[in-house]
Amino acid sequence: MGIFNNKSNQSPIPSEGEGGGPKVHVLDITKEHCPMTFVKTKIELSKLNEGDILEVLLAEGEPLDNVPRNAKEQGYNVLSIEHVEGTTHKVTIKK
Amino acid sequence: MAENKKLSIIAFSGDFDKLTAVFTLGTGAAAVGYEVNIFFTFWGLDAIKKKHGRSFTGGNWLTKIFGFMMGGLKVTPTSRFNFLGAGPKIFRYLMKKNNVATLEELVEAAKVLGINMYACEMAMHVLGLTKEDFIPEVKDVLGVASFLNLSEGGQTLFI
Chain S
1 MGIFNNKSNQ SPIPSEGEGG GPKVHVLDIT KEHCPMTFVK TKIELSKLNE GDILEVLLAE
61 GEPLDNVPRN AKEQGYNVLS IEHVEGTTHK VTIKK
Chain D
96 MAENKKLSII AFSGDFDKLT AVFTLGTGAA AVGYEVNIFF TFWGLDAIKK KHGRSFTGGN
156 WLTKIFGFMM GGLKVTPTSR FNFLGAGPKI FRYLMKKNNV ATLEELVEAA KVLGINMYAC
216 EMAMHVLGLT KEDFIPEVKD VLGVASFLNL SEGGQTLFI
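Chain order of the listed sequences is S and D. Each residue of the first sequence is one higher than the last, beginning at 1 in the working numbering. Each residue of the second sequence is one higher than the last, beginning at 96 in the working numbering.
Since the hints were made in silico from the structure, they are not lab data. The structure displayed is predicted, hence computed values, not measured ones.
Pairs of lysine-lysine residues, derived as DSS-like cross-links and limited to a Cα-Cα distance of at most 30 Å, are as follows: (1) 95(S) - 206(D); (2) 169(D) - 31(S); (3) 95(S) - 101(D); (4) 101(D) - 94(S).
Here chain S is said to cover these stretches of chain D; the calculated rule only asks that three of the stretch's residues, wherever they fall, bring their Cβ under 8 Å from a Cβ of chain S: (5) 124-131; (6) 186-198; (7) 202-212.
The beta-carbon is built from N, C-alpha and C at its ideal position, and this holds for glycine as well.
Take the sequences, apply the hints, and build the full model.
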């Protein structure tokens, strides 16, 4: 169905890293709530190639506490957690 | 570690709100690495019917009438505040307005996440339903013994 193929909250074309490195994908879940915050992250990560990067924009509280922890638990590499603005944070995950 | 985690849910209720709980727990657990099994029985079978509205599923006139009255996912009533069918529409509106996943979105997520869905053989027999009445994601038709076997070693919920 549409909600998991809809690219409206993702970067339309993944940007190539410098020197043809890993592709960087962006997923915005700032407006999502449990369980879709980590459901969408999980589905997006499953679509990525090994070595690709996913930048997840999320709100503080439950998503910020759980998305990086779940990614780590499932064997992904959480590269950074940065504050963007207001209540929005960016979690960078490498597959 | 994640590979040992397992959640099995017996989805008995065909109520909109209780099915929302089934799929919220199921998709959430699957997304954090749990193996998830959902065993649909009796009213819960409404959630996995191919036809989301009302249709005369069933073998004889009596089960066909039951099939029509029970309907599918789109016509599930709320356990409280149903208001002759207006309740689920109001909840769907409130959920969309507040960016909370609707029941239909949760079911789609369950399919994408590969949640194991099973139908109860006995209830299907009573209601005159066949595996062809269900969405293709329903993996198998099971009885109690098989379900107990599948759920062994994990957590089990009855909703």
